[in-house]
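Chain by chain, the residues:
Protein chains: 2
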Amino acid sequence: MTDDAAVLGDLVLTHDMIAEGVHFLTNDPPEDVAWKLVAVNLSDLAAKGATPLGVLMGYALTGDRAWDAGFVAGLEAVLKQFDVPLLGGDTVSLPAGAPRVFGLTAIGRAPASGAPSRSGAQAGDALFVTGTIGDAGLGLAMAQGTLDGDASLLAAYRRPVPRLVEGQALAGQVHAMMDVSDGLLLDASRMAEASGLAVSIDLDAVPLSPAFRQAKGESRADQIKAATAGDDYQLLFAAAPDAPLPALATPIGRFAAGSGISLFDADGPAPLPERLGYLHA
Amino acid sequence: MTDDAAVLGDLVLTHDMIAEGVHFLTNDPPEDVAWKLVAVNLSDLAAKGATPLGVLMGYALTGDRAWDAGFVAGLEAVLKQFDVPLLGGDTVSLPAGAPRVFGLTAIGRAPASGAPSRSGAQAGDALFVTGTIGDAGLGLAMAQGTLDGDASLLAAYRRPVPRLVEGQALAGQVHAMMDVSDGLLLDASRMAEASGLAVSIDLDAVPLSPAFRQAKGESRADQIKAATAGDDYQLLFAAAPDAPLPALATPIGRFAAGSGISLFDADGPAPLPERLGYLHA
Chain L
225 MTDDAAVLGD LVLTHDMIAE GVHFLTNDPP EDVAWKLVAV NLSDLAAKGA
275 TPLGVLMGYA LTGDRAWDAG FVAGLEAVLK QFDVPLLGGD TVSLPAGAPR
325 VFGLTAIGRA PASGAPSRSG AQAGDALFVT GTIGDAGLGL AMAQGTLDGD
375 ASLLAAYRRP VPRLVEGQAL AGQVHAMMDV SDGLLLDASR MAEASGLAVS
425 IDLDAVPLSP AFRQAKGESR ADQIKAATAG DDYQLLFAAA PDAPLPALAT
475 PIGRFAAGSG ISLFDADGPA PLPERLGYLH A
Chain V
225 MTDDAAVLGD LVLTHDMIAE GVHFLTNDPP EDVAWKLVAV NLSDLAAKGA
275 TPLGVLMGYA LTGDRAWDAG FVAGLEAVLK QFDVPLLGGD TVSLPAGAPR
325 VFGLTAIGRA PASGAPSRSG AQAGDALFVT GTIGDAGLGL AMAQGTLDGD
375 ASLLAAYRRP VPRLVEGQAL AGQVHAMMDV SDGLLLDASR MAEASGLAVS
425 IDLDAVPLSP AFRQAKGESR ADQIKAATAG DDYQLLFAAA PDAPLPALAT
475 PIGRFAAGSG ISLFDADGPA PLPERLGYLH A
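So the protein sequences, as listed, match chains L and V. Counting in this note's numbering, the first sequence tops out at residue 505, every number present. Counting in this note's numbering, the second sequence tops out at residue 505, every number present.
Please note: incorrect hints may appear among the correct ones.
Have a look at the derived ranges for each label pair, beta carbon to beta carbon [said to hold, decoys possible]:
no., chain 1, residue 1, chain 2, residue 2, range
1, V, Ala301, L, Glu442, 48 to 56 angstroms
2, L, Pro475, V, Gly344, 54 to 62 angstroms
3, V, Pro434, L, Ser337, 56 to 64 angstroms
Here are some chain V residues pointing at chain L (derived, C-beta under 8 angstroms) [to be verified]:
no., residue
4, Ala229
5, Asp234
6, Met241
7, Leu249
8, Gly313
9, Pro319
10, Ala322
11, Pro323
12, Val389
13, Leu410
14, Ile485
15, Leu496
Computed footprint of chain L on chain V; a stretch qualifies when at least three of its residues, placed anywhere within it, have a C-beta under 8 angstroms from a C-beta of chain L [said to hold, decoys possible]:
no., stretch
16, 274-286
17, 327-336
Hints in this document: simulated from the structure, not taken from any laboratory. We put the CB at the ideal spot given by N, CA and C, even for glycine.
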């Protein structure tokens, strides 16, 4: 899935496609698949500070009526939760056994201050992130049956909450903003690269939830695991370190002249992990 | 594929999904599949008199690089032809052998006079259609190898031309408008139903191309075949019989109080065919 949106005048548009076996598991509840498809698109709007106007949806049916009914129920639930109308869409029928594929377009109104991009960070800016990081990664492990953890972790993976209110409040205050979809380190490095800057990240500052600490711990390895897992859908933004912030967020790093991403913690510099995030095929 | 678009303020939005084996044939050239996906969405905008602002695209790749490259080439060609920017999109990789699935969202600006709907026909209005009808249906038979006809028929099936200019010119003059995607009779009956009226259609007036006449003929059966084939992507509209029309179109019928669709020709009333059009699964 892309984590960026197009800006067209005062409109923000995003289109994501998800496929069974790639972006969701065959045994994921269909209600949650629908929820997540909508939520990740709304997260793209949130990163632009946009107010959702509606969504259009394309879905491929494969003849499993119970699954399809669950998907529709989940779709109704998520649209109601975030007060977003379904403007239109299309269905196709695929042969039984074909992977399920869904596409969603979300359209929103940009904030009056203009939609922030990922490329506007300034040297000296702090890097902030909303919420906690790494929960969805552990939720995925729970869905795959390889981890026993708190239900909140599974919910973070299956029913992410797009940070619409925070994005709208922050849009006029930040120099750059994007959502964290492919891993904190990977997305932070993308913001630095797009802004023509270097970014250094304090691993000790990466916000971990109590459920994450309980399931994994808070060692450097655990911090790295959280910061390289995908599917967080928090907002990552650059702002002056002393800017008054209209939404809760944690400062986790700093931008400076140069390029690339570097890590440190209380023990000093930390080596970069082999991969900075999670990329779907 | 749906043939309708959502109107949101001064915006018109449409999303169509197409799947291999359902909306296109496995042996259709990938350049043409891309062309048609864009063209049918632009046709939905044309029916609203809208000016395209851009498209967002979702495509599933299946590992066949030559096919994918052809698809991208066709996409570039059709966007250039109709001067429409690609605003964004997403790709997913599916296992080899999975049916190819594509989704497209098109967004346009509604005309100053407002976007016509399909429900505004008035008793006494004439029903008009642009261009010729039935060519794409014969083109499909050619693609399937069951008909030997003129290349223009195959082109009508594989590379339909959305009637954007005509739609923009007509929008302020018509009482109702839609595009003909599932068959002239089926779409005309939908307009009548949406408008709470009856419609009668003169089969002799259904415009057939020279290539159609040469490949099939112009008997009542041939007229019915043309009027029930899909994929025409012409504009169907209701207007006063004596309205000055800013685009070329043929009057083919009349709206009256009542409900349902009826057919006639020079020999008198004609029975309705068993099916009025072509519906994809």
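Hint-by-hint comparison with the structure:
1. V:Ala301 with L:Glu442: 48 to 56 angstroms: The hinted range 48 to 56 angstroms holds for Ala301 (chain V) and Glu442 (chain L), with Cβ atoms some 55 angstroms apart.
2. L:Pro475 with V:Gly344: 54 to 62 angstroms: Check passed, 57 angstroms falls within 54 to 62 angstroms.
3. V:Pro434 with L:Ser337: 56 to 64 angstroms: 59 angstroms, holds
4. Ala229: Holds. Min distance 7 angstroms.
5. Asp234: 11 angstroms, violated
6. Met241: Met241 (chain V) check passes; min Cβ-Cβ to chain L is 4 angstroms, inside 8 angstroms.
7. Leu249: 15 angstroms, violated
8. Gly313: At about 5 angstroms, which falls below the 8 angstroms cut-off, the nearest Cβ of chain L leaves the hint on Gly313 (chain V) intact, so it holds.
9. Pro319: 7 angstroms, holds
10. Ala322: 5 angstroms, holds
11. Pro323: Status holds, d = 5 angstroms.
12. Val389: 22 angstroms, violated
13. Leu410: 17 angstroms, violated
14. Ile485: 25 angstroms, violated
15. Leu496: Result: violated, 26 angstroms to nearest chain L Cβ.
16. 274-286: n = 7 at 8 angstroms, threshold three: holds.
17. 327-336: Holds, because 3 residues of the stretch 327-336 of chain V bring their Cβ atoms closer than 8 angstroms to Cβ atoms of chain L.
Figure legend: structure checked against the earlier numbered hints; hints not met, in rising order: 5, 7, 12, 13, 14, 15.
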